[in-house]
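Enquirer: In order, the protein sequence lines correspond to chains A and B.
Position 311 (the first sequence) corresponds to 311 in the working numbering; numbering is contiguous.
Position 84 (the second sequence) corresponds to 84 in the working numbering; numbering is contiguous.
Hints may contain errors.
When chains are identical, the list treats them as one kind, so a pair holds in a single copy or across two.
[As the list claims (entries may be wrong)] Listed below are the simulated DSSO-like cross-link pairs for lysine-lysine, each with C-alpha atoms no more than 30 Å apart in a straight line:
| hint | residue 1 | residue 2 |
| --- | --- | --- |
| 1 | Lys64 | Lys104 |
| 2 | Lys59 | Lys194 |
| 3 | Lys84 | Lys281 |
| 4 | Lys79 | Lys152 |
| 5 | Lys59 | Lys36 |
| 6 | Lys198 | Lys80 |
| 7 | Lys28 | Lys59 |
| 8 | Lys44 | Lys293 |
| 9 | Lys80 | Lys62 |
Simulated from the structure, these hints should not be mistaken for laboratory data.
Below are the chains, spelled out letter by letter.
Protein chains: 2
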Amino acid sequence: MKKNQKFALGIDLGGTNIKLGIVSELGKIVSKVEVKTEAHLGPKAVIKNIEKGIDEILKNKKIKLIGIGIGAPGIVTIKKGIVKSPPNLPGWDEIPLGSIIKKKYGIKVNVENDANAAAIGEMIFGAGKKYSSFIMVTLGTGVGGGIIYNGKLYRGEIGGAGEIGHISINPNGPRCNCGSTGCIEAYAGNHYLKESVKKDLVNHPSSKIWELIENDLQKVSPRIIQMAAELGDVYAKEIIFDLGVNLGIAFSSLSNVLDISTFIIGGGVAGFGKPLLTSIKTTMISRVLTPLKSRINIIPAKLKNEAGILGASSLVFYNT
Amino acid sequence: MKKNQKFALGIDLGGTNIKLGIVSELGKIVSKVEVKTEAHLGPKAVIKNIEKGIDEILKNKKIKLIGIGIGAPGIVTIKKGIVKSPPNLPGWDEIPLGSIIKKKYGIKVNVENDANAAAIGEMIFGAGKKYSSFIMVTLGTGVGGGIIYNGKLYRGEIGGAGEIGHISINPNGPRCNCGSTGCIEAYAGNHYLKESVKKDLVNHPSSKIWELIENDLQKVSPRIIQMAAELGDVYAKEIIFDLGVNLGIAFSSLSNVLDISTFIIGGGVAGFGKPLLTSIKTTMISRVLTPLKSRINIIPAKLKNEAGILGASSLVFYNT
Numbered sequence: 001m002k003k004n005q006k007f008a009l010g011i012d013l014g015g016t017n018i019k020l021g022i023v024s025e026l027g028k029i030v031s032k033v034e035v036k037t038e039a040h041l042g043p044k045a046v047i048k049n050i051e052k053g054i055d056e057i058l059k060n061k062k063i064k065l066i067g068i069g070i071g072a073p074g075i076v077t078i079k080k081g082i083v084k085s086p087p088n089l090p091g092w093d094e095i096p097l098g099s100i101i102k103k104k105y106g107i108k109v110n111v112e113n114d115a116n117a118a119a120i121g122e123m124i125f126g127a128g129k130k131y132s133s134f135i136m137v138t139l140g141t142g143v144g145g146g147i148i149y150n151g152k153l154y155r156g157e158i159g160g161a162g163e164i165g166h167i168s169i170n171p172n173g174p175r176c177n178c179g180s181t182g183c184i185e186a187y188a189g190n191h192y193l194k195e196s197v198k199k200d201l202v203n204h205p206s207s208k209i210w211e212l213i214e215n216d217l218q219k220v221s222p223r224i225i226q227m228a229a230e231l232g233d234v235y236a237k238e239i240i241f242d243l244g245v246n247l248g249i250a251f252s253s254l255s256n257v258l259d260i261s262t263f264i265i266g267g268g269v270a271g272f273g274k275p276l277l278t279s280i281k282t283t284m285i286s287r288v289l290t291p292l293k294s295r296i297n298i299i300p301a302k303l304k305n306e307a308g309i310l311g312a313s314s315l316v317f318y319n320t
Numbered sequence: 001m002k003k004n005q006k007f008a009l010g011i012d013l014g015g016t017n018i019k020l021g022i023v024s025e026l027g028k029i030v031s032k033v034e035v036k037t038e039a040h041l042g043p044k045a046v047i048k049n050i051e052k053g054i055d056e057i058l059k060n061k062k063i064k065l066i067g068i069g070i071g072a073p074g075i076v077t078i079k080k081g082i083v084k085s086p087p088n089l090p091g092w093d094e095i096p097l098g099s100i101i102k103k104k105y106g107i108k109v110n111v112e113n114d115a116n117a118a119a120i121g122e123m124i125f126g127a128g129k130k131y132s133s134f135i136m137v138t139l140g141t142g143v144g145g146g147i148i149y150n151g152k153l154y155r156g157e158i159g160g161a162g163e164i165g166h167i168s169i170n171p172n173g174p175r176c177n178c179g180s181t182g183c184i185e186a187y188a189g190n191h192y193l194k195e196s197v198k199k200d201l202v203n204h205p206s207s208k209i210w211e212l213i214e215n216d217l218q219k220v221s222p223r224i225i226q227m228a229a230e231l232g233d234v235y236a237k238e239i240i241f242d243l244g245v246n247l248g249i250a251f252s253s254l255s256n257v258l259d260i261s262t263f264i265i266g267g268g269v270a271g272f273g274k275p276l277l278t279s280i281k282t283t284m285i286s287r288v289l290t291p292l293k294s295r296i297n298i299i300p301a302k303l304k305n306e307a308g309i310l311g312a313s314s315l316v317f318y319n320t
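The following block holds chain A by itself, in its conformation from the complex (with noise of 0.2 Å):
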């Protein structure tokens, strides 16, 4: 290990559980620990469980952190470390979770929404750091977004920029659980794109993905729809290109207001690879505006797995 390497902690807290990782500057993970989150006991609860995974990772180290990191789901106000109505934890109305951990362990914190973290992330450790500006895109449960421009986050007004799953692509599309129509997260969603699949799977009787499920339509996942597409089945490339084009309609619009042409994909969505990015990118060029047509620029993610906790450190070696 270099020496005098600067270390941070990044807890990224999601609805099930909390995950911790001691980062090093260089973006290695040299310690991790996971607790449960237990987010229907309430705020109180959840915080008392991040300082047992802070206590725990912490126990016996010698290591000297520089900072805490914490990604958090909700609208994050950056003064106190304010995490406002997450959707997935109940109860928090508006909790300065960050001053809470800042005061208990005498060390700098810094609270950042999670998908800005993720976007963070990639800027400081991983496929962003030769861009100064790139989307983010985080393809999961639902389609996250953070905007990075000249090296700095965009946060909007109140920190709730880069929603991007609710770029309406269609108003007469699919209802979103956001209670608007068309949103691309109604069509790009883990969940949403699975309840398509599973509905539309009885119109392609000779679809490997009957097979692969056993036929129990349960059992539908994008794995399997990646695993039948790599066996060649024409459904499941089809299902891929065209969540690649929808993707690409909502993404050009975002380009063409932005003038950001960067796109880095991740979360496990993204794991369709190649072909889905292949869309994306074609759709794109076909529908952006002239100057930038030669620059878009469509790119895998390289956080994987650890792309929670590395964001989450991320916000401290950003901030120093």
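Could you slot chain B onto chain A? The hints should help.
Expert: Just chain B, lined up with the frame of chain A:
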């Protein structure tokens, strides 16, 4: 006139006319000149015409200018004031307009894209004064936009940002001049709007629009639609309402991504006034994410006919 006021020369470089005005730091135009652009004669002739206009407006004036601001079509590279491939100025590949004018007149010159200049104009002189972040929308031949974030113009990677007219609200929607489909400009741009009403009017034989255009479809215009609406014509009111819905759909996506809640609406089509703004606002409130709903604020632009000159001159005060 207040003593010791500062003055700038604003130049609005359009495809047909070049409008020049000497503007005080309070946004008062004290002198105005207009010359023909003669765009078909190419950049050299156009620049000669700009200089002719400058010479004319400065003749016999004792006013000391602190700078010249130019609003130009196309993408502008700030540093040398390079105007790149403006759509309605043939032959302009990459013209360092800023440097040329600066060299000739020995005075600071700021060049900016005209839609961006309009946004800065509203920020410095107009309805945007009291907002640190807003989106300026110009509803004219096209749908132009400028993004002000934390008191600064958001320019994007190469200065092309703010193309909100090319947010697609429906991939199966009307074809846009840009080559894409369903762009909001293809619904709300002056020309598209007229064409769609001209086609649809036969389905509304009792509309008052028929009277106002004396049965001559060529006379359909936003002004006529507005007059019919003011006379209580149901179809004309519907057109305005639907336009607001479509704009509201596009702006909702934008608000979700940028976390900006104030939209300032200017340009000729904005003459529809309150019914249009109300329709935009109602649509947005029903579609944006929860943290935005209570903040949505749709207001008319303050700079009207002189927006071009005022926007151009505001570049000087913005950059002081």
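Enquirer: So, for every hint listed, does it hold in this structure?
Expert: Taking the hints in turn, this is what the structure says about them:
Taking CA atoms no more than 30 Å apart as the test, Lys64 paired with Lys104 passes inside one copy only; the shortest distance there is 16 Å, against 61 Å between copies. In this homomeric assembly, Lys59 and Lys194 never come within 30 Å of each other (Cα to Cα): the closest approach is 42 Å inside a single copy and 71 Å across copies. Taking the shortest alpha-carbon separations for Lys84 and Lys281, only the inter-copy value of 25 Å comes in at or below 30 Å, while the best intra-copy value is 35 Å. In this assembly of identical chains, the alpha carbons of Lys79 and Lys152 lie at most 30 Å apart whether taken from the same copy (16 Å) or from different copies (21 Å).
Proximity of Lys59 and Lys36 under a CA criterion of 30 Å is satisfied intra-copy only: 18 Å inside one chain copy versus 77 Å between copies. In this assembly of identical chains, the alpha carbons of Lys198 and Lys80 never lie at most 30 Å apart, being 44 Å within a copy and 56 Å across copies at closest. For the homomeric pair Lys28 and Lys59, the shortest alpha-carbon distance inside one copy (19 Å) is at most 30 Å, but the shortest distance between copies (68 Å) is not. Proximity of Lys44 and Lys293 under a CA criterion of 30 Å is satisfied inter-copy only: 29 Å between copies versus 50 Å inside one chain copy.
In this assembly of identical chains, Lys80 and Lys62 lie within 30 Å of each other by CA distance solely inside one copy; the values are 28 Å within and 54 Å between copies.
Hint violations for this structure: numbers 2 and 6, all remaining hints satisfied.
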